[in-house]
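Asker: Turn these sequences into a full structure, and let the hints guide you.
Taken in order, these protein sequences are the chains called A and B.
Per this note's numbering, residue 17 is the first one in the first sequence, and the count goes up by one each step.
Per this note's numbering, residue 20 is the first one in the second sequence, and the count goes up by one each step.
To be clear, the hints were calculated from the coordinates, so they are not data collected in a lab.
Wrong hints could be hidden among the right ones.
What the hints assert, rightly or not - With a cut-off of at most 16 Å between alpha-carbon atoms, the simulated EDC-like pairs for lysine to aspartate or glutamate come out as follows:
(1) 22(B) - 387(B)
(2) 338(B) - 71(A)
(3) 360(B) - 146(B)
(4) 399(B) - 305(B)
(5) 189(B) - 146(B)
(6) 291(B) - 387(B)
(7) 38(A) - 70(B)
(8) 85(B) - 106(B)
(9) 96(A) - 71(A)
(10) 73(A) - 408(B)
(11) 38(A) - 21(A)
(12) 291(B) - 305(B)
(13) 338(B) - 21(A)
(14) 73(A) - 402(B)
(15) 244(B) - 106(B)
(16) 360(B) - 52(A)
(17) 399(B) - 25(A)
(18) 38(A) - 408(B)
(19) 31(A) - 402(B)
(20) 85(B) - 70(B)
(21) 96(A) - 144(A)
The chain contents come next:
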Amino acid sequence: MAYSEKVIDHYQNPKNVGTLDKSKSNVGTGLVGAPECGDVMRLQIEVDEAGIIKDAKFKTFGCGSAIASSSMATEWLKGKSIDEAATIDNMAIVEELHLPPVKIHCSVLAEDAIKAAINDYRKKNGLEELKFEESVIH
Amino acid sequence: MLKFPIYLDHNATTPCDPRVVEAMIPYFTNNFGNAASRNHPFGWQAEEAVDQAREQVASLIGADPKEIIFTSGATEADNLAIKGVFEMYASKGNHIITCNVEHKAVLDTCKHIEKEGGEVTYLKVKDNGLIDLAELEAAIKPTTILIAIMYANNEIGTIMPMKEISTLAKKKGVLVFSDATQAVGKIPVDVNKDGIDLMAFTAHKMYGPKGVGALYVRRKNPRVKVTAQMDGGGHERGMRSGTLNVPGIVGFGKACEICMNEMEEETKRVSKLRDKLQTELLKIEESYLNGDKEHKLPHVTNISFKYVEGEGLLMGFNKEIALSSGSACTSASLEPSYVLKALGLGDDLAHSSLRFGLGRFTTEDQIDYTIKQVTSTVLKLRDMSPLWEMYKEGIDLDTIEWAHH
Numbered sequence: 017m018a019y020s021e022k023v024i025d026h027y028q029n030p031k032n033v034g035t036l037d038k039s040k041s042n043v044g045t046g047l048v049g050a051p052e053c054g055d056v057m058r059l060q061i062e063v064d065e066a067g068i069i070k071d072a073k074f075k076t077f078g079c080g081s082a083i084a085s086s087s088m089a090t091e092w093l094k095g096k097s098i099d100e101a102a103t104i105d106n107m108a109i110v111e112e113l114h115l116p117p118v119k120i121h122c123s124v125l126a127e128d129a130i131k132a133a134i135n136d137y138r139k140k141n142g143l144e145e146l147k148f149e150e151s152v153i154h
Numbered sequence: 020m021l022k023f024p025i026y027l028d029h030n031a032t033t034p035c036d037p038r039v040v041e042a043m044i045p046y047f048t049n050n051f052g053n054a055a056s057r058n059h060p061f062g063w064q065a066e067e068a069v070d071q072a073r074e075q076v077a078s079l080i081g082a083d084p085k086e087i088i089f090t091s092g093a094t095e096a097d098n099l100a101i102k103g104v105f106e107m108y109a110s111k112g113n114h115i116i117t118c119n120v121e122h123k124a125v126l127d128t129c130k131h132i133e134k135e136g137g138e139v140t141y142l143k144v145k146d147n148g149l150i151d152l153a154e155l156e157a158a159i160k161p162t163t164i165l166i167a168i169m170y171a172n173n174e175i176g177t178i179m180p181m182k183e184i185s186t187l188a189k190k191k192g193v194l195v196f197s198d199a200t201q202a203v204g205k206i207p208v209d210v211n212k213d214g215i216d217l218m219a220f221t222a223h224k225m226y227g228p229k230g231v232g233a234l235y236v237r238r239k240n241p242r243v244k245v246t247a248q249m250d251g252g253g254h255e256r257g258m259r260s261g262t263l264n265v266p267g268i269v270g271f272g273k274a275c276e277i278c279m280n281e282m283e284e285e286t287k288r289v290s291k292l293r294d295k296l297q298t299e300l301l302k303i304e305e306s307y308l309n310g311d312k313e314h315k316l317p318h319v320t321n322i323s324f325k326y327v328e329g330e331g332l333l334m335g336f337n338k339e340i341a342l343s344s345g346s347a348c349t350s351a352s353l354e355p356s357y358v359l360k361a362l363g364l365g366d367d368l369a370h371s372s373l374r375f376g377l378g379r380f381t382t383e384d385q386i387d388y389t390i391k392q393v394t395s396t397v398l399k400l401r402d403m404s405p406l407w408e409m410y411k412e413g414i415d416l417d418t419i420e421w422a423h424h
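Answerer: Quick look at the structure:
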């Protein structure tokens with residue numbers, strides 16, 4: 017299966033690989049996936065006082081599409097408000113990266129990781145956790 | 020200068036040796052006759068060529084030429100052997116013993132047999148990929164008609180103890196079939212010394228063309244018969260109808276002859292390269308060899324690089340190096356290799372494996388390059404692996420509640 021150029025570019029030059037201090041109250045961490053399924057994503061956001069995501073980092077165990085999906089998600093997150101971030105849809109990732117049908121689950125995982133990170137942040141800051149509808153494809 | 024891409028997937032298929040192609044060419048054009056045409060020189064010529072190839076194929080495995088049934092490949096030979104024996108020996112019993120790391124062509128045929136009312140025992144291999152002989156012995160029943168165990172495994176290269184298996188089988192009067200697709204042409208295989216009654220193998224794994232293979236069917240001690248699975252002109256002693264693929268068969272014969280003459284030298288050279296690759300890659304922290312270290316094909320190694328996913332790893336160099344991963348992330352099922360799981364590997368290790376299959380034309384430069392690329396990609400991906408980070412922090416990954424998809 018041939019990967020799209022964008023996937024290859026994110027794989028070769030991933031953006032925002034790294035770790036934020038998860039003990040800080042303004043850092044939200046989302047860890048999704050499972051080693052048994054062949055992909056695990058950890059996505060972290062650092063939110064400023066105005067509710068804007070000023071930094072995002074990821075680490076991913078998975079195929080090239082999973083790495084690219086999380087790399088791109090961190091790019092999109094930076095500069096967005098935490099509410100805007102919650103609206104990121106996996107299909108936008110699919111379109112941007114030209115993911116084939118068998119790789120759609122990678123984008124779903126990225127969306128789940130974003131949501132998990134947002135909810136982790138909200139929980140830490142005494143906010144109610146957002147309820148998300150189940151993603152269509154799991 | 021290295022030429023890319025480097026091919027290290029010789030368990031999937033091999034290139035045709037140029038000497039094989041040369042031998043085949045006349046049989047496409049000038050000598051195009053049907054080997055079954057008895058009345059003119061075109062037919063005679065084709066028949067003569069097939070006879071010669073049959074001898075070349077037979078002598079590589081220590082068989083008599085009359086015991087070679089040409090087929091379209093190993094899958095067909097597997098089907099013919101298992102279904103053919105099941106039907107032919109129905110009055111004797113309906114029980115077949117095989118194992119859980121067989122190729123799909125054997126496993127799926129056995130599933131078919133079960134639907135037809137047969138009983139199949141799937142032996143579990145030990146964590147080195149070999150079957151337990153005591154378990155095999157215990158599984159044999161009065162109704163057992165066939166033991167179907169592969170000669171060597173396609174994913175991990177482990178070689179099964181065929182002699183011991185057939186000794187057990189002989190004692191109980193059970194036939195032995197072996198899918199020897201990966202072994203023939205690579206290591207010495209002798210149907211008499213190994214006590215094999217039926218054996219499937221194919222040309223394209225030994226530098227011959229695709230689309231031609233053979234089933235060895237023993238004619239003496241005991242005389243074995245299989246029920247044909249295709250109706251037609253009664254070719255191949257009535258066991259496999261269909262006009263013979265003369266150019267393919269000629270190429271198969273030539274490929275066998277070359278393997279026979281050059282196996283010893285080739286094994287020395289290739290196993291040295293394989294050992295180098297294996298030794299160097301196992302120096303990477305948290306890398307594990309899959310399958311038995313000793314009983315193994317000389318050109319194969321299968322290694323898991325923990326905390327790195329196989330398909331992601333391949334992507335780091337798959338434009339330059341062609342090899343295969345035990346992870347099937349490309350399929351919707353996300354199931355990792357059943358062979359690796361049969362060894363007792365956790366899904367994480369099974370997802371992290373690469374299979375290296377070296378070959379006749381593999382060079383030391385290629386191996387050096389591969390060592391370098393695989394090593395640097397593993398290190399790079401671990402730097403972005405959350406699992407690696409947790410492992411380094413001393414977190415036991417088994418204690419984490421993963422959100423399963």
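Asker: Hint by hint, say whether it matches the structure.
Answerer: We went through each hint and held it up to the structure:
Pair hint residue 22(B) plus residue 387(B) holds up; C-alpha atoms about 13 Å apart against a cutoff of 16 Å. Annotation: proposed proximity of residue 338(B) to residue 71(A) is violated, straight-line Cα distance about 33 Å (limit 16 Å). A C-alpha spacing of about 9 Å is found between residue 360(B) and residue 146(B), which places the hinted pair at or below 16 Å, so the restraint holds. Restraint check for residue 399(B) and residue 305(B): satisfied, since their Cα atoms lie roughly 14 Å apart, inside the 16 Å limit.
Simply put, residue 189(B) and residue 146(B) have alpha-carbon atoms about 27 Å apart, too far for the 16 Å limit, and the pair is violated. Restraint check: the Cα-Cα separation between residue 291(B) and residue 387(B) comes to about 13 Å, which is no more than 16 Å; the hinted pair holds. Between residue 38(A) and residue 70(B), the direct Cα distance comes to roughly 74 Å. Violation of the 16 Å bound is thereby established for this hinted pair. Simply put, residue 85(B) and residue 106(B) have alpha-carbon atoms about 22 Å apart, too far for the 16 Å limit, and the pair is violated.
Distance hint between residue 96(A) and residue 71(A) is fulfilled; the C-alpha atoms sit about 10 Å from each other, no more than 16 Å. Under the criterion of a C-alpha separation no larger than 16 Å, the hint pairing residue 73(A) with residue 408(B) is consistent with the structure, at around 14 Å. A hinted pair counts as satisfied when its Cα atoms are at most 16 Å apart, and residue 38(A) with residue 21(A) does not qualify at roughly 33 Å. Taken as a hint, the residue 291(B) and residue 305(B) pair is broken in the structure, with Cα atoms around 23 Å apart against an allowance of 16 Å.
As the CA atoms of residue 338(B) and residue 21(A) are separated by approximately 13 Å, the hinted pair is consistent with the 16 Å bound. Between the alpha carbons of residue 73(A) and residue 402(B) the distance comes to roughly 13 Å, so the proposed pair stays at or under 16 Å and holds. At roughly 10 Å between alpha-carbon atoms, residue 244(B) and residue 106(B) fall within 16 Å of each other, so this suggested pair holds. As the CA atoms of residue 360(B) and residue 52(A) are separated by approximately 11 Å, the hinted pair is consistent with the 16 Å bound.
In summary, the hint linking residue 399(B) to residue 25(A) is supported, as the alpha carbons are separated by about 15 Å, within the 16 Å threshold. Using a Cα cut-off of 16 Å, the hinted pair residue 38(A) and residue 408(B) holds, with the two alpha carbons roughly 13 Å apart. The suggested pairing of residue 31(A) with residue 402(B) holds, with an alpha-carbon distance near 13 Å, which does not exceed 16 Å. For the proposed pair residue 85(B) and residue 70(B), the alpha carbon gap of about 9 Å is at most 16 Å, so the pair holds.
Between residue 96(A) and residue 144(A) the alpha-carbon distance is near 20 Å, which puts this suggested pair outside the 16 Å criterion.
Consistency note: the structure conflicts with the earlier hints numbered 2, 5, 7, 8, 11, 12, 21.
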